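Enquirer: Sequence:
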Amino acid sequence: MRTWELSAADPGAYTLAADARCGPVDYTNDAIWELSLRTGEPPAITLHTTLGLRLRGLRLFPRFSDENGELSDPNRFALPPRVATFFPNYLRVNCAPYEGMATTLEYWTPDSHTVCGRITLANNRLTERIFTLEWVGMLTDAEGHNRFLPRQIESTDTLCAEFSDNCLLLMLSGGPQAVSSPQPALKSALVLKPGTTHTLTWALTQNASPEAALERGREVLALPWEKHIAALEALNGGQLEIETGDPDWDAAFALAQKTAFGLLMSAPNAALPHLSFVSSRHPDQGYSLKGDGSDYVSSWRGQSVLETEFLIGQLLPSAPQICLGLLENFLAASGEDGFVDHQPGLVGQRSGWLAAPFLTALAWEIYQYTQDDEALRRVYPPLRAYLHRWFDRENDRDQDGFPEWTHPRQIGLEEHISFGDGRPRGEEEPLTWVETPALAALLLREIQALTAIQGALDLPPDEDLLRHARELRQHLAALWDEQNACFARRDRETHLRQRGERIGQLQGPGELTLERDFPQPVRLLLRLQGEDTSPRAAEIYLHGLNLKGQPRMEKFVSGRAGWLTPTLAFLSHRTYLRVERVDVRGVGAADRLQIEVADLSAPDISDFLPLLSEGGASERIRQMVDETLLNADRFWKRYGLPLALPPSDSEENTLSMTTSALWCSLIGRGLVQRGYRQQAAQLLTRLMDAIVRQLKGQKAFSQYYHAIEGRGAGQRHALSGLAPQRFFLETLGVRILSPQRVVLEGQNPFPWPVTLRFRGLVIRREADKTRLTFPGGQTAVIKDPRPTLIELENPNHASESNAQTPAADSHA
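Each residue of the sequence shown is one higher than the last, beginning at 16 in this note's numbering.
You may find that some hints are simply not true.
[Stated by the list, open to error] Taking lysine to aspartate or glutamate and the EDC-like style, the derived pairs with C-alpha atoms no more than 20 Å apart in a straight line are: (1) 570 to 634; (2) 202 to 85; (3) 711 to 25; (4) 563 to 506.
[As the list claims (entries may be wrong)] If you anchor each label on the Cβ, the simulated ranges turn out as follows: (5) 532 to 261: 57 to 63 Å; (6) 777 to 158: 34 to 40 Å; (7) 729 to 532: 21 to 27 Å.
Keep in mind the hints are simulated off the structure, nothing from the lab. Fair warning: this is a prediction, and the values are worked out from it, not measured in the lab. Glycine included, every Cβ here is placed at the ideal spot set by N, Cα and C.
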């Protein structure tokens, strides 16, 4: 296992929380911590939290003092802190506050209500050292009061903070003295002889009463650290180690694996059969005021399909069984009618939308790692029913063989689509009126994966799904937009790719006469911009003529509750050949209504998903990549691919210019699949520049990154912003299925050799050859860029490796 030396100037992301792989996690009361190598006042190596925003802040840090005064600022240390080890629930930091006094600080969260640590001090001088160590606890409650007070319980000095529903208790081994001050602490006077080592342990427990917290604290202080840390090292030692020519990339990929495993979540009496996950996990999260998780925001309300797809790419090849469990969580929530919920949650939450079509491809991918025929046979029937469900009348509303999305969250672009959610409850979402290249491509990919599964299980192909695939290829071809050099959305009723156009605006209540004719029927978008989100019941009446010249009228209402955002958007359910007037009631004098032809021509990042499927003629794919994706005036930006382009008549803004590692990974893998490996490497490099910049500056992965400026945005420590391991490996042309089975393809497109280590397997990928050393010592050198499976014939007795192409040179 690699030992790191990451300083405050290096990439870092050091959250600390209970590890669901080690035991139960309290989903509704999960204390999440973050370590900073220098922060706060006074500056210190600080472990901090807000306990899910129940506190303004809780800081724990060491302070040293001798005859020269107090010392907590790492900038004044003889050796500033370096992070040596990071797991989801364990951190180890090395430093030296004084010359010749090597110090190791360890932090561990054995459960959701406990954090503890070990301080090891070694006197490497030839003389005795006398000093004082204080473990400082600064707890500021919601009202700004310092709540930690010295308290002696059963002859033990502690720092205690009591609240109406629980108690926090800080303890230190060795019989410390509790110090009352603006910076409360537990103080221990120490004398270290030359060449000796001294260890102290501390614990912060959360319980119903001081007495219960004390009992738990004593249990924690008595834990056999060496045994538990050895178990954690064994658990995390099986992860993939990536060594590139850039140390920042190495740290980013390792931190991404640590963060990914740290997002795994369980719950007592969970509604899902296996571990699930949350989309981000940081100190302001983890506490449910209602006590049941029903008040959590979307990032903690269940595992969405798109994020599951990305997380599995972070967990493979290390944890294929966890990945299989994530897949089976969806199927456990499925019905006999094939409905699979898009975002099932640990305590029974459901989205009500059909799961986006990624699950079958995931099942086939996971099978490559597990080779578990029984599991594949188990998941096949619900997956087949799920694919058929996509083509029923509820999801293919006009029954033309081209389904529609139900909600923008299915594709994960709810903040970036061109029309919003101002509809009254119960009416259809705007995306139900649009047929998209993204959905066609994903369904084609799913049917292809199901056909592969049927072949592996010796089952006949599904003729109905194959017919659907043929129809989808035709529909996808019809979506080609020559002018934009991209596949474009179209209206589900008219099958037209209408372009956006502003046709009028009105301020305040009243009537706006438009009398506008169109050469083809159009669907309209009405944007209502309010000054604030105060309650008001807006009513909009749209009058016009249909294709036959008959009058039609639509009514749109905002509801009487406060608006969720100052802007509401309504998409007309009908199409118009003529718009005569708009009548607006119930709005403020400063509110503005804008009427537009809904723009279905402006591309977003999902329009590149045909790269991942078998759909789309190769010439059109080439044109889309060369003229649109790689065009610096459109999507090819300094730090990645923007999720959407701004409207042509507006300036670039933060929302339209954001990118995410999740989406860049999807599209980048499509580039590799279509033969654009070098361009995929360039895209990954641009994205990694943004990720490393954020890890160095803000010490966190960000939900989004600005595609032009590189700054982070959105949630901290977010899944969708992790350094994309699967994208990197596919671009490198390496797939590690097990320590004995490896697939190589293409050549290394990066400017330096890459070394991968996985459970005794070592792969060194150079520009023109790859050397593999298996756990038993067998080696193989591969020079052929064609897809090659290298597999040990018998891992226990093999003397050579078995490569599937004649270019493999094998050695005993």
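Enquirer: Are there hints from earlier that the structure breaks, and if so, what are their numbers?
Expert: As far as the earlier hints go, 1, 6 and 7 are violated by this structure, in ascending order.
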